[in-house]
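Colleague: Sequences and hints are given; from them, build the entire structure.
Number of protein chains: 2
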Amino acid sequence: MAPKEWYNILPDLPEPVPPMRKPDGSVVKPEELEVLFAKEVVRQEFSQDRWIPIPEEVRNTYLEIGRPTPLIRAKRLEEYLKTPAKIYFKYEGVTPTGSHKVNTALAQAYYHSKEGTERLTTETGAGQWGSALSLATALFDIALRVYMVRISYEQKPYRRIVMETYGAEVVPSPSPYTQVGKKFLEQDPNHPGSLGIAIAEAIEDAVTHENTKYSLGSVLNHVILHQTVIGLEAKKQMEALGEYPDVVIGCVGGGSNYAGLAYPFVYDRLKGGKEVRFVAAEPKSVPSMSKGEYRYDFGDSAGLTPMLKMHTLGHDFVPPKIHAGGLRYHGVAPTLSILINHGIVEPVTYSQEEIFEAGRIFAKTEGIIPAPESDHAVKAAIEEALKAKEEGEERVILFNLSGHGLLDLKGYDDFLHGRLGSHL
Amino acid sequence: MAPKEWYNILPDLPEPVPPMRKPDGSVVKPEELEVLFAKEVVRQEFSQDRWIPIPEEVRNTYLEIGRPTPLIRAKRLEEYLKTPAKIYFKYEGVTPTGSHKVNTALAQAYYHSKEGTERLTTETGAGQWGSALSLATALFDIALRVYMVRISYEQKPYRRIVMETYGAEVVPSPSPYTQVGKKFLEQDPNHPGSLGIAIAEAIEDAVTHENTKYSLGSVLNHVILHQTVIGLEAKKQMEALGEYPDVVIGCVGGGSNYAGLAYPFVYDRLKGGKEVRFVAAEPKSVPSMSKGEYRYDFGDSAGLTPMLKMHTLGHDFVPPKIHAGGLRYHGVAPTLSILINHGIVEPVTYSQEEIFEAGRIFAKTEGIIPAPESDHAVKAAIEEALKAKEEGEERVILFNLSGHGLLDLKGYDDFLHGRLGSHL
Chain A
1 MAPKEWYNIL PDLPEPVPPM RKPDGSVVKP EELEVLFAKE VVRQEFSQDR
51 WIPIPEEVRN TYLEIGRPTP LIRAKRLEEY LKTPAKIYFK YEGVTPTGSH
101 KVNTALAQAY YHSKEGTERL TTETGAGQWG SALSLATALF DIALRVYMVR
151 ISYEQKPYRR IVMETYGAEV VPSPSPYTQV GKKFLEQDPN HPGSLGIAIA
201 EAIEDAVTHE NTKYSLGSVL NHVILHQTVI GLEAKKQMEA LGEYPDVVIG
251 CVGGGSNYAG LAYPFVYDRL KGGKEVRFVA AEPKSVPSMS KGEYRYDFGD
301 SAGLTPMLKM HTLGHDFVPP KIHAGGLRYH GVAPTLSILI NHGIVEPVTY
351 SQEEIFEAGR IFAKTEGIIP APESDHAVKA AIEEALKAKE EGEERVILFN
401 LSGHGLLDLK GYDDFLHGRL GSHL
Chain B
1 MAPKEWYNIL PDLPEPVPPM RKPDGSVVKP EELEVLFAKE VVRQEFSQDR
51 WIPIPEEVRN TYLEIGRPTP LIRAKRLEEY LKTPAKIYFK YEGVTPTGSH
101 KVNTALAQAY YHSKEGTERL TTETGAGQWG SALSLATALF DIALRVYMVR
151 ISYEQKPYRR IVMETYGAEV VPSPSPYTQV GKKFLEQDPN HPGSLGIAIA
201 EAIEDAVTHE NTKYSLGSVL NHVILHQTVI GLEAKKQMEA LGEYPDVVIG
251 CVGGGSNYAG LAYPFVYDRL KGGKEVRFVA AEPKSVPSMS KGEYRYDFGD
301 SAGLTPMLKM HTLGHDFVPP KIHAGGLRYH GVAPTLSILI NHGIVEPVTY
351 SQEEIFEAGR IFAKTEGIIP APESDHAVKA AIEEALKAKE EGEERVILFN
401 LSGHGLLDLK GYDDFLHGRL GSHL
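Chains as they are written, first to last, in the UniProt record's numbering: chain A, 1 to 424; chain B, 1 to 424.
By construction, these hints were calculated from the structure, which means they are not laboratory data. A few of these clues could be false.
Cut-off 30 Å, straight-line C-alpha distance, at most; resulting in silico cross-link-like pairs (DSSO-like, lysine-lysine) [claimed, not checked]: (1) B:K86 to A:K114; (2) B:K86 to A:K4; (3) B:K271 to B:K387; (4) B:K75 to A:K4; (5) A:K4 to B:K236; (6) A:K86 to A:K321; (7) B:K86 to A:K82.
Computed footprint of chain A on chain B; a stretch qualifies when at least three of its residues, placed anywhere within it, have a C-beta under 8 Å from a C-beta of chain A [what the hints assert, rightly or not]: (8) 55-66; (9) 134-140; (10) 158-171; (11) 357-367; (12) 398-412.
Far from chain A, by Cβ distances over 12 Å, these chain B residues were calculated [claimed, not checked]: (13) R73; (14) S290; (15) D316; (16) E394.
A quick note: this is a predicted structure, and the numbers were derived from the prediction, not measured. Beta carbons: idealized from backbone N, C-alpha and C, even for Gly.
Modeller: This is the structure in structure tokens:
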């Protein structure tokens, strides 16, 4: 069941991904990215090879962290909904850090260790990505400093402790370790921080320190490439059950967990003419796929990264403080943006109230408490199952349960006790 | 790999388990326990059948929660220790509530649902057992009230939220719902509670309400019986690798996770003459196995339960507030006590400092952050591996990683930042 190659969608897209550009309009050259990223990762970012071998060392770590992850049929949920649909989910929560993020973290850490990188930097909001990279750098023996948005560092200590237990250095951002950080601390010594500032600090740190590089957890092509292990496994697992999905569902922040599950099936539709629908769920309050403009924009809020052509709410958009922290992103992966433009991926939006109710139903019927991000996928799967019931059709639904919610329980508490605030 | 029968050690013990007694010395009759427990569970408690069929419905739920759980070789830990020993661990943390507790919770909830019980009560300290039973009662559609020790209810909200998300009613104990609870609240309206009081409340609630029974998560024979699914799976998994353990290790509170792994191997030693050692780890500050007297004592601290013959520190022993909440128990399962008396199981004790350091090493090498309880098993496994190195022998070590530590991170935080207090 364990794939030996990742799937790269670049050669199969209905139109090419527009190049990354600098603010002056000039095209970013691959070598320019090598200051930050591993060389092999940069090669993958632009590769037109459809299949890219997963190094044996990475495959071994995939096994160690519990891959292939289980594909589970949600029979009790089907019974609860009285639907003729079959609902399957790919459960990424079994990994030690509880989400899919580790799939690319391990690959990136491996390439860095091979290329001799001794130290990595990254940013993290609530801490999912930081935890995954902390685990990966522990296994490949690379030092890591994580710039964690200060308000999360203070209010959500649990993922910080996870990162520190793996041996990472976690600093609240803005920090006194960078020029950018110092500037913000001068303005306000108790600055709450933001993902934009944390990215800026991590990048500055990487370019100003010896043998230090930077690692990113979503949006870019190489990240999505590594995540396709999810969909490739799922396809084999469904095949073994004699099943094929009619609809493939996931939640979208930057897009990597959804693309990871969906792209191997998108390949079947684009190249094999398979009839399969793609539904991508996002928060009503961060509607980058459904309301964002398709244009060039920065990947971060500080305007430091190259510009990407994508659906965006604007890099200065400030997402409201919903519990699904991983979906608080102004943009969408460029490849996913193209698939949306071509009507291949259908975006849907849900409120916080709706997604937590879906999560509660899922926990009661299937026994797993999903991450608030993944609750968006659960909600969309329930909607598709109810539609199948209405239309009296026995459809096969597949969704990505990208992570468990054991480190995000406050949202459920607020929901169960009516403290959620219904406007988001 | 999925066993169809549980293993009951009662007929194979070197001497029979002394009967449960009332404080006046009279023997407790099985029917007397049926006021509290499911009839089938009481039958199992006293059964002399070596193999007891796992009902198909329970086996199905075992599959749904991720059984068989993985048996993993800790290769990176071996390399780190430079030991010739092979270290295997059975990882129970993949279940939705993150520990082995659900193995008996599902069985008990199933029998209750079959016997028409509409409502269950139980007690919980930090919440591991309460979470597992909440999940099980959600799946078998039984109402549940959990009496949660008030200080945990207030200071450790996360497992409470887990239980509530599964639909259980969680009340802080002492509560105004029972006579016992009212009595303690009158003494002190902010009484912090204790496991003893919570047990008393749960039992009073069960016997004073229509169609309500009580469920227990450790110590008794039927609980251990259900946990043997761990060891039976492990045996088949090791067989498939051509391996057999030289030593079987686990941590002991009441004894159910360790007995669950060990008893199927104890059977091989007692009945098949296999040479295999058994090491059981407990906290230095709660040394019930190594320092407890072997005598009749109550199972709870309030003196409400029948008396069991076991190693005990006295039912009025107040365990210090170590982070391994699941090991804060004054007694040891009667069957395990007999095996200790006969030198078959060897107890070892460790300090908090020692076990968290073992946990940190395990997290850095194997990528999983263990529960503080399970850290005792990790520590013992490391000790055995170092002994093998010293003696230059290639031994096979098997231990039970009974749960992950994602809901117990504060202990790691205190350890990493030198706030643990070294006296425990």
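Colleague: Looking at the structure, which of the earlier hints fail to hold?
Modeller: 6, 7, 13
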